[in-house]
Amino acid sequence: MSTETLFRRITDYAARPDPYPLYAELREHGVARQEDGSYLVGTYDEVVQLLHDPRISSDAHSRADVDEELLRAEADGMTPAFIGLDDPEHERLRGIAMRPFGPPHSPGRIDALQDDIARIAQELIDGFDGREEVDLVDDFAYPLPVTVIGRLLGIPSGDMGQLRRWTDIVIASLDFDPGEDPAVKRRRGREAGREMADYLGDLAASRRDHPSDDLLSALVGDPGPEGAFRHEELKSTAALLLIAGHETTVNLITNGALTLMRHPEAAARLRNDPGLMPSAVEELLRYEPPVQLLPQRSPLTDIEVAGVTVPRGAPLILVLAAANRDPLRFPEPDRFDPARRDNQHLGFGSGIHSCFGAPLARVEARIALTALLARIGADAHPVEDPPPYRRSPVLRGPRHLLVRH
Amino acid sequence: MSTERPLPRIDGSVRRVVVVGASLAGLRAAEALRDSGFDGRLTLVGEEAEFPYDRPPLSKQVLLGEAAAHDAGLPAHRPVDAEWRLGVRAAGVDPLHRQVLLADGDRLPYDRLLIATGTRARPWPVPEEAALDGVLTLRTAQDAAGLVARLDAGPRRVLVIGAGFTGSEIASACRERGLGVTVVERGPAPLVGALGGVLGKFAAEVQRAHGVDLRCGVTVTALEGSRGRLVGARLSDGSRVAADIAVVCLGAVRNTEWLDGSGLAAGPRGVACDAGCRAFDMYGIVTDEVFVAGDVARFPHPLFGYQMLSLEHWGNAVAQAEVAAHNMVSPGPRRRPHLTVPAFWSAQFGLNIKSVGVPTYSDRVVIAQGSPEEGRMVAVYGYRGRVTAAVAVNRAKWLEHYLRMIETAAPFPPPPGAADRSGEPVPVPSDVPDPRLLSHGPTVALTGHHPDRHITVVRAE
Ligand SMILES: Cc1cc2nc3c(=O)[nH]c(=O)nc-3n(C[C@H](O)[C@H](O)[C@H](O)COP(=O)(O)OP(=O)(O)OC[C@H]3O[C@@H](n4cnc5c(N)ncnc54)[C@H](O)[C@@H]3O)c2cc1C
Numbered sequence: 001m002s003t004e005t006l007f008r009r010i011t012d013y014a015a016r017p018d019p020y021p022l023y024a025e026l027r028e029h030g031v032a033r034q035e036d037g038s039y040l041v042g043t044y045d046e047v048v049q050l051l052h053d054p055r056i057s058s059d060a061h062s063r064a065d066v067d068e069e070l071l072r073a074e075a076d077g078m079t080p081a082f083i084g085l086d087d088p089e090h091e092r093l094r095g096i097a098m099r100p101f102g103p104p105h106s107p108g109r110i111d112a113l114q115d116d117i118a119r120i121a122q123e124l125i126d127g128f129d130g131r132e133e134v135d136l137v138d139d140f141a142y143p144l145p146v147t148v149i150g151r152l153l154g155i156p157s158g159d160m161g162q163l164r165r166w167t168d169i170v171i172a173s174l175d176f177d178p179g180e181d182p183a184v185k186r187r188r189g190r191e192a193g194r195e196m197a198d199y200l201g202d203l204a205a206s207r208r209d210h211p212s213d214d215l216l217s218a219l220v221g222d223p224g225p226e227g228a229f230r231h232e233e234l235k236s237t238a239a240l241l242l243i244a245g246h247e248t249t250v251n252l253i254t255n256g257a258l259t260l261m262r263h264p265e266a267a268a269r270l271r272n273d274p275g276l277m278p279s280a281v282e283e284l285l286r287y288e289p290p291v292q293l294l295p296q297r298s299p300l301t302d303i304e305v306a307g308v309t310v311p312r313g314a315p316l317i318l319v320l321a322a323a324n325r326d327p328l329r330f331p332e333p334d335r336f337d338p339a340r341r342d343n344q345h346l347g348f349g350s351g352i353h354s355c356f357g358a359p360l361a362r363v364e365a366r367i368a369l370t371a372l373l374a375r376i377g378a379d380a381h382p383v384e385d386p387p388p389y390r391r392s393p394v395l396r397g398p399r400h401l402l403v404r405h
Numbered sequence: 001m002s003t004e005r006p007l008p009r010i011d012g013s014v015r016r017v018v019v020v021g022a023s024l025a026g027l028r029a030a031e032a033l034r035d036s037g038f039d040g041r042l043t044l045v046g047e048e049a050e051f052p053y054d055r056p057p058l059s060k061q062v063l064l065g066e067a068a069a070h071d072a073g074l075p076a077h078r079p080v081d082a083e084w085r086l087g088v089r090a091a092g093v094d095p096l097h098r099q100v101l102l103a104d105g106d107r108l109p110y111d112r113l114l115i116a117t118g119t120r121a122r123p124w125p126v127p128e129e130a131a132l133d134g135v136l137t138l139r140t141a142q143d144a145a146g147l148v149a150r151l152d153a154g155p156r157r158v159l160v161i162g163a164g165f166t167g168s169e170i171a172s173a174c175r176e177r178g179l180g181v182t183v184v185e186r187g188p189a190p191l192v193g194a195l196g197g198v199l200g201k202f203a204a205e206v207q208r209a210h211g212v213d214l215r216c217g218v219t220v221t222a223l224e225g226s227r228g229r230l231v232g233a234r235l236s237d238g239s240r241v242a243a244d245i246a247v248v249c250l251g252a253v254r255n256t257e258w259l260d261g262s263g264l265a266a267g268p269r270g271v272a273c274d275a276g277c278r279a280f281d282m283y284g285i286v287t288d289e290v291f292v293a294g295d296v297a298r299f300p301h302p303l304f305g306y307q308m309l310s311l312e313h314w315g316n317a318v319a320q321a322e323v324a325a326h327n328m329v330s331p332g333p334r335r336r337p338h339l340t341v342p343a344f345w346s347a348q349f350g351l352n353i354k355s356v357g358v359p360t361y362s363d364r365v366v367i368a369q370g371s372p373e374e375g376r377m378v379a380v381y382g383y384r385g386r387v388t389a390a391v392a393v394n395r396a397k398w399l400e401h402y403l404r405m406i407e408t409a410a411p412f413p414p415p416p417g418a419a420d421r422s423g424e425p426v427p428v429p430s431d432v433p434d435p436r437l438l439s440h441g442p443t444v445a446l447t448g449h450h451p452d453r454h455i456t457v458v459r460a461e
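These protein sequence lines map, in sequence, to chains A and B.
Following the UniProt record's numbering, the numbering of the first sequence begins with 1 at its first residue and continues without gaps.
Following the UniProt record's numbering, the numbering of the second sequence begins with 1 at its first residue and continues without gaps.
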């Protein structure tokens, strides 16, 4: 079959439970040009190369087909978050956000959350008592990271329901759904994003006078040498941290639970040797990464990738999940091996945009899966396998995971 | 079908391994040996009484008081089950009987020997002046503890002699502590010996902007004392600096003297070895039992014209130790070459400097991303039309891209089009000075061009 429709087949909902054969096909074809003029890349070496190439832009303005909706939103004063910017702006904004979040200035912030995360996980698991069947998404994998990111940022728990509704609309707007008018969907997504950003901006502003020890207070507090956010920048950054801070971890935990139930020997090994969990989480990030592909890249100049010239401004889609199973990089790539060595997966991307929240995601997944394994027995199994998946081909994971335990 | 038995993974006849030098390279080699399945006897000999610790923090976090000097232990990756002989010096090698001689008279028999004795700080050349109270060097945890105590006491002015990486990092720490500091450098700029003229000029501006009294093209001609204490220094331009501390940062001396008489190709430039870390003897014949790794080694590198390289890089010590360990216990055809591209980092004056490749192996340089004005940039170095190095200032995440270019000998200058370039990149001469013009030794040295006349040739029986 021609590769012209490969991306359509990947994004087709029917491919969601098992996109890996399509990814194998993509790797066979090298750089695959699509009928709409975009290019797909899924081999490890090429993806890594592109993630580190300073001539590859993450800025939507670099695309030949600049999105009208984006320009309109910007005319209204909305600024893109650092995930959609190039250096040096990207570096500046990411640097300001990093200061209160991680090393070198705040090395302890994530560590300090560990006990909290363990307690939240345990409370959710205690809720399994007396029930034969639980939905690992709704009862565990979703509420855990949402509660954590809410507390980290300092969002009143009563507001999280509204934030979830906004998040769902924003995420849906990123999808490739042939049935829908993309312009309408994007506009809806941007409106939800704006409302969310306004909410977070107001909340942050209220912290200026009444600071507490949460991240929003730190972000409006004393500026470091990188300077401070302008208000619009603060809003879009806070919205990014909130969305990216839980949407992906939900899938990491759910994909992890499903993979471990499908591999009882690995689960048994981890029960006996919880010290293996950090390595198992890395393997999950390789084997079933929550972010399957990066849809928003384009070259600033014509560039050659594996013998194909990708023209300036063309949409360039980097399929991380395909690269993660490239047999040229990983021996037996389709095998789940919780003790795999030399596991430089692309589950968090790589290069300047590599996942900001990776340290938090790692801690959450480790604690969540350890607690889960301790609670559900060796005979726990999904009621349906494959389970129903979420729509998104980008942020891929089960929508529900009913488990009998 | 072949009836031959497959080559065993490790060479079972190797039962006793001795590692001399119990620091970064020695420890990582010991771990790699155990990882490879070696279950014989393993002895680590170290002159320092301490278990292996990390040196890079000594001139950074430790001087700032963020970490204690004796606290920078290297994380153990796995138990090494070794016999530790700490606080004792190896005094010689008897290659014929395969024994290491210890200063306390003991002899350690070996099937394989790893030399990982690294370097020591080059002392101030005038012994009476070096002996003045207040004249220090920085290489060991003990040195760092001594220097921190002096800085804590609030000296009026610190004199740093030599503006290589260590000297510049010390100057940075002093300024961060609010201490007055004078840096004297014989060369035209700080870091110029490692990074060339463009970044050297940038480094000079940064130091001055941070209040360093920087004197370049000048040497210290004498250290002056009063009642045994340092009070100041005279400079070659006729001026005088009053200082109560002088830190001598003149580069490193390789710890090879203990090998005099061993018949190995050991001298001031290090112990020469092949790409598999096997030491050469004085006739240039490769040995089968003696291996070398870390700062003390000099080895050929195909990416840099098969020049013999001496590196004082943390990452090189780790990578080379792993290759040496692997090759010590592997049958011939299973041996691996050490081909790692050199990489180095430094933190000073709020800058994160990271280098890949060999910047001194260059004739031209171009600022490919950012600019000195922004305080963030990537400088890319080329030699005869191909990329040989890149140095990032506050832009480390881009280096992987240039590493790939170095590995594939990509054409220089690199193609334009980077998102954060400022203006059209124009290559200029890289201005790498003759090392003899520097106060300090370079931390990367190409040692192949000049036949090494200093090698002590000692005949074995
Ligand atoms: C202050 C400082 C800052 C640094 N910062 C950086 C940095 O930012 N980035 C970077 O890449 N690198 C840095 N380095 C360099 C890095 O620390 C070295 O490359 C690394 O330590 C080399 O390890 P090694 O094991 O080869 O040698 P060494 O660390 O020198 O260890 C050799 C050991 O052998 C022992 N020894 C010597 N002779 C004998 C003998 N005859 N018998 C027994 N034992 C003996 C010595 O006592 C010593 O403990 C820094 C070094 C220093 C000193």
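None of these hints come from the bench; they were simulated from the model.
Certain hints may be false.
Said to hold, decoys possible - Here are some of the chain A residues that sit facing chain B, going by a computed Cβ distance under 10 Å:
#1 I56
#2 I83
#3 D86
#4 E91
#5 M98
#6 S106
#7 D129
#8 R131
#9 E132
#10 E180
#11 Q296
#12 I303
#13 T309
#14 S354
#15 T370
Stated by the list, open to error - Far from chain A by the CB rule (all over 10 Å, computed), these chain B residues:
#16 V148
#17 A153
#18 D281
#19 R421
#20 D434
Small disclaimer: the values here were computed from a predicted structure and weren't measured.
Glycine is no exception: its CB is placed at the ideal position from the N, C-alpha and C atoms.
Going through the hints against the structure:
no., hint, in the structure
1, I56, "8 Å, holds"
2, I83, "14 Å, violated"
3, D86, "4 Å, holds"
4, E91, "7 Å, holds"
5, M98, "12 Å, violated"
6, S106, "14 Å, violated"
7, D129, "40 Å, violated"
8, R131, "43 Å, violated"
9, E132, "43 Å, violated"
10, E180, "32 Å, violated"
11, Q296, "14 Å, violated"
12, I303, "8 Å, holds"
13, T309, "13 Å, violated"
14, S354, "8 Å, holds"
15, T370, "22 Å, violated"
16, V148, "20 Å, holds"
17, A153, "27 Å, holds"
18, D281, "35 Å, holds"
19, R421, "8 Å, violated"
20, D434, "33 Å, holds"
Violated hints, listed in ascending order, are 2, 5, 6, 7, 8, 9, 10, 11, 13, 15, 19; each of the other numbered hints is respected by the structure.
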